[in-house]
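Colleague: Each chain, written out:
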Amino acid sequence: MLSLILIIIASAFFTGIILRVKSMASGRKGPGIFQPLKDVARLFKKGVVYSETTSFVFRIAPTIYFSSVVMAMLVVPFGQSKGIVSFNGDFIFFAYVLALGKFFSIISAMDTGSSFEGMGASREALYSMFAEPAFFILMGSIALLTGFTSFQEMFAAFHIGSYISYALAILGTFVLMMVAMVENSRMPIDDPKTHLELTMVHEVMILDNSGFDLGLILTAGYLKFAIYGTLVVNMFIGMFPYQYSIPAFFVIQLVLATGVGLIESFMARFRMSHNAQFIFVLTSVSLLIFFGVLLILGKFA
Amino acid sequence: MAFDMEIPMLTVAIIMSFAVFFIPKKWQYLFGLLLHLDVIIATSMLALDALTGASAQSPALVYLLGNPIYLVVDGLSAFFVLIVNFTILTGVLYAGGYLKPYAEKKLKADMALHYFSFLWFHISMLLVCTVRDGLAFLIVWEIMSLSSMMLVIFDHQNPKTLKAGINYLVQMHLSITFLAIGFIWVYAETGSFGFDAFLTYFGSNSNIWLFLIFFTGFGIKAGFVPLHTWLPHAHPAAPSHVSGVMSGVIVKLGIYGIFRVVSYLKADFLLLGEIVVSISVLTGLYGILNAAIRRDFKQMLAYCTIENIGIIGIGIGLGLMGLGNGSAVLYYLGFGGALLHVLNHSLFKSLLFYSAGSVYQQTHTRDMDKLGGLIRQMPNTAILFLIGALAIGGLPPFNGFVSEFVLYCGLLEGLKSSDISQITLLVFTLAGLSIIGGISVLTFTKTFGTIFLGSERQPLDHKPTEVTLIMLIPQYLIVAAMLSVAFFPQFYLNAIGNLLADMGNGRIPMPASGLSGYSKSIANINLYFLLLMAIMAVSWFARSLVLRNRSVKMETTWGCAYLAPNSRMQYTGKSFSKSLSKMFTFILVEEKKYQELRPGEIFPGNRKHRSLYHDFFENRLITFMMHQLIYAVNYFKFIQNGRVQSYVWYGIVFMLTIFVLTALNILK
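Line order of the protein sequences matches chains A and B. 1 is the number of the first residue of the first sequence in our numbering; add one for each residue after it. 302 is the number of the first residue of the second sequence in our numbering; add one for each residue after it.
Because the hints were derived from the structure by calculation, they are not lab data. Don't take each hint at face value.
[To be verified] Simulated crosslink set (DSS-like; lysine-lysine; CA at most 27 Å straight-line):
{"no.": "1", "chain 1": "A", "residue 1": "K38", "chain 2": "B", "residue 2": "K879"}
{"no.": "2", "chain 1": "B", "residue 1": "K875", "chain 2": "B", "residue 2": "K894"}
{"no.": "3", "chain 1": "B", "residue 1": "K854", "chain 2": "A", "residue 2": "K45"}
{"no.": "4", "chain 1": "A", "residue 1": "K46", "chain 2": "B", "residue 2": "K854"}
{"no.": "5", "chain 1": "A", "residue 1": "K193", "chain 2": "B", "residue 2": "K879"}
{"no.": "6", "chain 1": "B", "residue 1": "K671", "chain 2": "B", "residue 2": "K406"}
{"no.": "7", "chain 1": "A", "residue 1": "K299", "chain 2": "B", "residue 2": "K717"}
[To be verified] Some but not every residue of chain A turned toward chain B, in silico, with C-beta under 8 Å:
{"no.": "8", "residue": "A12"}
{"no.": "9", "residue": "T53"}
{"no.": "10", "residue": "S55"}
{"no.": "11", "residue": "F87"}
{"no.": "12", "residue": "Y96"}
{"no.": "13", "residue": "G113"}
{"no.": "14", "residue": "T146"}
{"no.": "15", "residue": "G147"}
{"no.": "16", "residue": "T149"}
{"no.": "17", "residue": "E197"}
[Stated by the list, open to error] Beta-carbon label-pair distances, calculated as ranges:
{"no.": "18", "chain 1": "B", "residue 1": "C861", "chain 2": "A", "residue 2": "I164", "range": "50 to 56 Å"}
{"no.": "19", "chain 1": "B", "residue 1": "Y895", "chain 2": "A", "residue 2": "L196", "range": "27 to 33 Å"}
{"no.": "20", "chain 1": "B", "residue 1": "F885", "chain 2": "A", "residue 2": "G147", "range": "52 to 58 Å"}
{"no.": "21", "chain 1": "A", "residue 1": "F44", "chain 2": "B", "residue 2": "C861", "range": "23 to 29 Å"}
{"no.": "22", "chain 1": "B", "residue 1": "I774", "chain 2": "A", "residue 2": "R42", "range": "44 to 50 Å"}
{"no.": "23", "chain 1": "B", "residue 1": "I774", "chain 2": "A", "residue 2": "L198", "range": "43 to 49 Å"}
{"no.": "24", "chain 1": "A", "residue 1": "G147", "chain 2": "B", "residue 2": "K401", "range": "29 to 35 Å"}
{"no.": "25", "chain 1": "B", "residue 1": "H457", "chain 2": "A", "residue 2": "F56", "range": "39 to 45 Å"}
Positions of the beta carbon are idealized from the N, C-alpha and C atoms, including for glycine.
Just chain A, same shape as in the assembly (with noise of 0.2 Å):
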């Protein structure tokens, strides 16, 4: 339950401090924090535009996505809180609810029938397919850590033991921050404010959403954010009572947003045809965690 509030609340500001930042950067005052917010409530005040090329698919797809996001949210702990749902193999459930808001945000870009859309369309479906093993293998490595299988009872159980498992925790960090960015279709893997419908990824594919539905996927999109940045602080707090592991949550995603927000102000987008090879590598970081913990566990002897 905690982590349910606190995803809403990280939610709320962390798109709006990436947007400060990179205005800092670029050298104006920029808008304030709470705009994207502002932004969806506009939306939702619209009406909507449908294109005459889609079917019903079109008209579910935004909700289903949604519900996807916060199908997975709900499964995400905070310390020693469990989510509202928790289970043995909750981590595999998480991947493949978000898989399922993904399937339906490719075929209904692949509905409106338009070339944009459908090139978005495959480049998201083939990145996303390569940030999965990553995530998995790290996942799995933490498991193998703690003998736990459910998202609370590994991360609460991480740091139990040695002090390598910090080392470890930075690497996933790493892992995680960088699916997120491919999930959330963010620098260096994708341009959010690019204007060429050629070299979008996930812009592309919403080309044709209007109104309430553009509003869900954005705020979809938000949720997914705070989600992964609670999964990164999940890492470090482990069992710490909550005088300090909340604090500490909002640090940690401030710190996040800050670095998002940082790297998208000074890098240039990957090259599309070289995105998926480096979303790969991310597998590799992943294999490092995972020989670092059968190192701990001495399982190299």
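We have chain A already, so just place chain B on it with the hints.
Modeller: Just chain B now, with coordinates in the frame of chain A:
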């Protein structure tokens, strides 16, 4: 007691099957349907009994080489018998609508042969699951292969179909050769063809080689890479109700065979488990990679079958590791996940083949890049295909997720082993399984999106319409079965747990607490599905509430302000998977045929560009080996010289040799 009614009912079906040649064309289908129902009722009753614990044995039916042949139905047989029966039932019902256009064109004998083969196909599959004697097994296995070959070449006017049929026939005989070698080996060691002889054999000999021979034999049927090359040819060539049944059950009988052999194994579990897991992961990855790039949607489904066989194989390997580690939980999760996935795959794959068949029947093309926007003309088929696609990708809230979740749990459980090589293998398997899941999302979004969404890419000769109700009903039946697995997994898992306890008799104790933590999370999975559905329902309700007093406008798709877009500009399936295929050029063999622009050509005319994908193993490995073989065999051409005199001479030499050898007491 148990077989009192079943044997006469089966006998009736077998005798009456010949009558199908003599009745008028109009009644053939109904007659066949009745015989199928007869067989289904007879065997399903028996199987349901056996699944609840009472295995049954028939009186001796015939004698082969002096050995009585019994039919034995235990839990494992019963499980497969029920899957066969259900899939055949939906297949026959679907055929009622699917074959209509053919029935008018084809000869009476053609149709009769088709129904006759289908019935024998059904009966032989049931017998494969129930006989317990090597010789009898080979005979029914052969009947199964022959009858299914007859089904594949239904459209025999098409030379490509015939070629696929012959390819299938040859490969099935390779499979039976391996099986025969295996049975004869056991016979040579123990003096018996009965399956019980395996116990004796495995008790006193090395388990590895014999198992691998059977694994190869059954693996050809099941489609493990690199023994899979018949699948992508046979499935598209066969009529859709046949490909649905073939993919749904006939490949599963290869899995049945592997399970049967596993149930007799005595030692070397760990090594065998590691071998099976490694082959299976590669099978899964190879299958789904190929599925992702195909344009022919039935061939795509065939490759996807190979992928799912890989997933099932991972479960079998895990179960073997469980036996090796003495871990009961791993045993139940591995084998249980594999069996549940067998059931699930038989459901959603037949559903996908049937709905793909409906598309083929209406459009007469299997090339997805010629289609588009069919969701408007065929909404029911589109929804059915979408459900199948979601389920096969293992996405919640459908049944595919349940079995994949059980397998993932098995993988995580396997990590508790102390052996580093096992742990490393399992972590790679974890990653492999997740990639398979990711690519299958890509594959099915591509297929569904290209066939059903967007707008029509090419004008079709006939305007497609929704298929008849008789073809839709069996598909909805399958969807109902799929949802029952998704929302009441406990029922199926209990049945599978019981049969596994029976199969592991004496080797592995059922853990006292059931499957401890795992069984709880697996048993609750339907609650999480319900929660997900509830969230969707609430969001949808909120959306309709908000949109009620908002304006809804229809416009054309945004095309970068270009004012003359046409449907040929849509993204195609081929380009959708192009970036994936570019990354795996070392295993996805693409052949391009086109004419280069010559330097002097200022006004180039029309030209064609053609690109097609080949199967890596078929193209590089098997063709190469065949060429070498033909080259070597060429040297013996002089023996077959076409002169009758030489052939008579060979006979005389042979007889003389026998005579001399016998006379000299060398040959006794």
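Colleague: Which numbered hints turn out to be false for this structure?
Modeller: 1, 8, 14, 20 and 24
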